[in-house]
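Q: Those sequence lines, one after another, are chains R and C.
Straight run, no breaks: the first sequence in the numbering used here ends on number 281.
Straight run, no breaks: the second sequence in the numbering used here ends on number 320.
Hints listed in this document are in silico derivations from the structure and should not be mistaken for laboratory results.
C-beta atoms are modelled at their ideal positions from N, C-alpha and C, and glycine is treated no differently.
Honestly, I wouldn't trust all of these hints.
[To be verified] Keeping only pairs whose Cα atoms sit at most 20 Å apart, straight-line, the calculated SDA-like set for lysine to any residue is: (1) C:Lys93 to R:Ser43; (2) R:Lys275 to R:Gly252; (3) R:Lys275 to C:Val54.
[Claimed, not checked] Cβ pair distances, simulated, as ranges: (4) C:Thr12 to R:Lys228: 44 to 54 Å; (5) C:Thr12 to R:Trp128: 39 to 49 Å; (6) C:Glu169 to R:Trp128: 58 to 68 Å; (7) C:Lys93 to R:Lys228: 27 to 37 Å; (8) C:Ser70 to R:Arg28: 18 to 28 Å; (9) R:Gly114 to C:Ser70: 40 to 50 Å; (10) R:Leu172 to C:Thr12: 36 to 46 Å; (11) R:Ala24 to C:Glu301: 30 to 40 Å; (12) R:Gly50 to C:Glu28: 34 to 44 Å; (13) R:Thr22 to C:Gly165: 15 to 25 Å; (14) C:Thr12 to R:Ala267: 26 to 36 Å.
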Amino acid sequence: MSVQSSNRAPGAVPGGHAEVTTAANMRRARRVGFATIVIREFSRIMRIWGQTLVPPVITATLYFIIFGNLIGGRIGQMGGYTYLQYIAPGLIMMSVITNSYGNVVSSFFGAKFGRHIEELLVSPLPSWLIVLGYVAGGVLRGLLVGLIVTIIALFFTRLHVEHLLVVIAAVLLTSIVFALGGFVNAVFARNFDQITFVPTFILTPMTYLGGVFYSIQMLPEWAQAVSKANPILYMVSAFRYGFLGQSDVDVGFSFAIMTLSVVVLFAGCVWLMEKGTGTRE
Amino acid sequence: MKALSLRQLCKTYNNGVQALKGIDLDVEEGDFFALLGPNGAGKSTAIGIVSSLVNKSSGTVTVFGHSIDSELEAAKSCLGVVPQEINFNQFEKISTILLNQAGFYGIPRPVARERMEYWLNQLQLWDKRETISRSLSGGMKRRLMIARALIHEPQLLILDEPTAGVDIEVRRSMWEFLRRINEQGTTIILTTHYLEEAESLCRHIAIIDEGRIIENDRMSTVLRKLQTETFVLNLRGPLRRSLSLPGYRMTAPDETTLEVEVNKEQNLNEIFAALSAAGGEVVSMRNKSNRLEELFMRLVEGRDVGSGQPTAPPAAQASA
Ligand SMILES: Nc1ncnc2c1ncn2[C@@H]1O[C@H](COP(=O)(O)OP(=O)(O)OP(=O)(O)O)[C@@H](O)[C@H]1O
Ligand SMILES: [Mg+2]
Chain R
1 MSVQSSNRAP GAVPGGHAEV TTAANMRRAR RVGFATIVIR EFSRIMRIWG
51 QTLVPPVITA TLYFIIFGNL IGGRIGQMGG YTYLQYIAPG LIMMSVITNS
101 YGNVVSSFFG AKFGRHIEEL LVSPLPSWLI VLGYVAGGVL RGLLVGLIVT
151 IIALFFTRLH VEHLLVVIAA VLLTSIVFAL GGFVNAVFAR NFDQITFVPT
201 FILTPMTYLG GVFYSIQMLP EWAQAVSKAN PILYMVSAFR YGFLGQSDVD
251 VGFSFAIMTL SVVVLFAGCV WLMEKGTGTR E
Chain C
1 MKALSLRQLC KTYNNGVQAL KGIDLDVEEG DFFALLGPNG AGKSTAIGIV
51 SSLVNKSSGT VTVFGHSIDS ELEAAKSCLG VVPQEINFNQ FEKISTILLN
101 QAGFYGIPRP VARERMEYWL NQLQLWDKRE TISRSLSGGM KRRLMIARAL
151 IHEPQLLILD EPTAGVDIEV RRSMWEFLRR INEQGTTIIL TTHYLEEAES
201 LCRHIAIIDE GRIIENDRMS TVLRKLQTET FVLNLRGPLR RSLSLPGYRM
251 TAPDETTLEV EVNKEQNLNE IFAALSAAGG EVVSMRNKSN RLEELFMRLV
301 EGRDVGSGQP TAPPAAQASA
């Protein structure tokens, strides 16, 4: 549809609707729609930066000071690296996980709560694109915070990168997994308690026990076995492998788990949206 | 072409409330259609289903020939909705809300900006475009939602009580606005509890009560079904002689006011003649209630209106 002058007759643009259904126009419309969601999510992150960017920076700095500098010195080497070099990938990953998840859960639940999710529901955007848009927003914040934490880490230690591609793939996949997780949480949540429950009582313990601060080889046999049921272990390990070149678990298997999680969770989110769980009566 | 077509539309909410019990409705392209009914009748539920905010239990919906089951995206592109409750992000600016909504419909930014300027001017909100929406007055919020519903220039505009809580002046200008876009080709469906609004704007009407359509016709046809009207006559002073008007039902709330029921076979001339004979001087006269209102009350109370057939279904009578 061409740009109309503003004095044209309103409502007298019948061609516009039929046009949207042609394949090329549909693709263009979807691109615009997707970009709109992502830009809106990004502006939200920037608008409330005091809630989205500052807290993870403070937390990470404290971790680096306390565990890295104060305590880490007494721990000594871990697999040939200083303790700080060992936990830096874990801490970066932890902030990526928390923020990817947190962004989607609070933004999508906020949209449900404030009812403006209806703006998207009445629009012709397909469910998978809405999911993708929110996930992109979560990934954006996860990576942004991850990058900031990496920069902070560089103030405390030198970061060696063994396999850059592994680092990038691991952080990206992890971020997508948890953005999708946040989406599921937001879909089911009926009040604000339910969007803090999962991060506090499930996500945080799982992250702490997922080898952020230690190698599971330090654990007794049974605890190692239990740890291996924790998917976060595989993500942290793969990411750390990209930096240090050593891992607690098989990296190929890690990527298989992450990819599978992305596929399953994405399909689940789209299905929930199609069904209208939590969004439509 | 039918702008909207509902067939056997049913909705039972999870809590067991049967909000729609098989609704059939057709709205022609270009029509100005009123969907009326008492609180809880199922109007918003029907609109919610058409606009994909509520899942239907059964039945079919087509918007400009596009079924919402098989061609949902096409159906949605034809449709603009102004919901009953505020549903924009109260922390966003008006311009952000409109440009984003345009984006969700795939409209590129430059086009969206032009349209935003056009519609905000039409709705007298252009000066407020940089205002955070939360700080708008109630009437402005309604108009913002109208602008938002029109940003993709839909062929069918559905408004759920757009004039609720809006002052008289704004309401009149909203009417003018809606009339104008209807003349320019947009089909409009509107719900309202102000029946004079429906009477003055709409050409077709459907009345829905307890999830069923109990009346669906041209406005003029529906109004013709009204058998009796009650007129209120104001007199300059008390009557000097007693009034004799056999066959008319009459009450006198006070000395200078008369209420007369007039049915289709009767006429006003007789009343005026009798009043003159009684020495009465009529200074003004009005309908006791809006005609549509009178009809509406009779219908939803399940009383006989027209041909002697009960027009309301048993369910409506049971509740009356
Ligand atoms: N989300 C819901 N869950 C359960 N029941 C609902 C829900 N929304 C509406 N209902 C019920 O469905 C029926 C129809 O409601 P609806 O909102 O469609 O009426 P309405 O005609 O729009 O009324 P009003 O004029 O008051 O806006 C009512 O009995 C209402 O209580
Ligand atoms: Mg309603």
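Q: Could you tell me whether the CB distance from C:Thr12 to R:Ala267 stays inside 26 to 36 Å?
A: Holds: the Cβ-Cβ distance is about 29 Å, inside 26 to 36 Å.
Q: Check the hint pairing R:Lys275 with R:Gly252 against an upper bound of 20 Å on the C-alpha distance.
A: violated, 35 Å
Q: Given a hint of 27 to 37 Å, does the C-beta separation of C:Lys93 and R:Lys228 actually sit inside it?
A: violated, 50 Å
Q: Okay, C:Thr12 versus R:Trp128 on CB: inside 39 to 49 Å?
A: For C:Thr12 and R:Trp128 the Cβ distance comes to about 29 Å; the hint is violated.
Q: Between C:Ser70 and R:Arg28, does the beta-carbon spacing fit 18 to 28 Å?
A: Cβ of C:Ser70 to Cβ of R:Arg28: about 23 Å, so the range 18 to 28 Å holds.
Q: Lying within 15 to 25 Å: is that true of the beta-carbon distance R:Thr22 to C:Gly165?
A: Given about 42 Å between the Cβ atoms, the range is violated.
Q: For the pair we were handed, R:Lys275 and C:Val54, check the Cα-Cα distance against 20 Å.
A: At roughly 11 Å apart (the allowed maximum being 20 Å), C:Val54 and R:Lys275 satisfy the hint.
Q: For the hint 30 to 40 Å, verify it against the beta carbon of R:Ala24 and that of C:Glu301.
A: violated, 56 Å
Q: Quick one, are C:Lys93 and R:Ser43 close enough, alpha carbons at most 20 Å?
A: holds, 12 Å
Q: Quick check: does the Cβ-Cβ distance between R:Gly50 and C:Glu28 fall within 34 to 44 Å?
A: violated, 54 Å
Q: Between C:Thr12 and R:Lys228, does the C-beta distance stay in 44 to 54 Å?
A: With a Cβ separation near 47 Å, C:Thr12 and R:Lys228 satisfy 44 to 54 Å, so the hint holds.
Q: Could you see if the CB distance from R:Gly114 to C:Ser70 stays within 40 to 50 Å?
A: Because 32 Å falls outside the window, the suggested range is violated.
Consistency with the previously given hints fails for numbers 2, 5, 6, 7, 9, 11, 12 and 13, ordered from lowest to highest.
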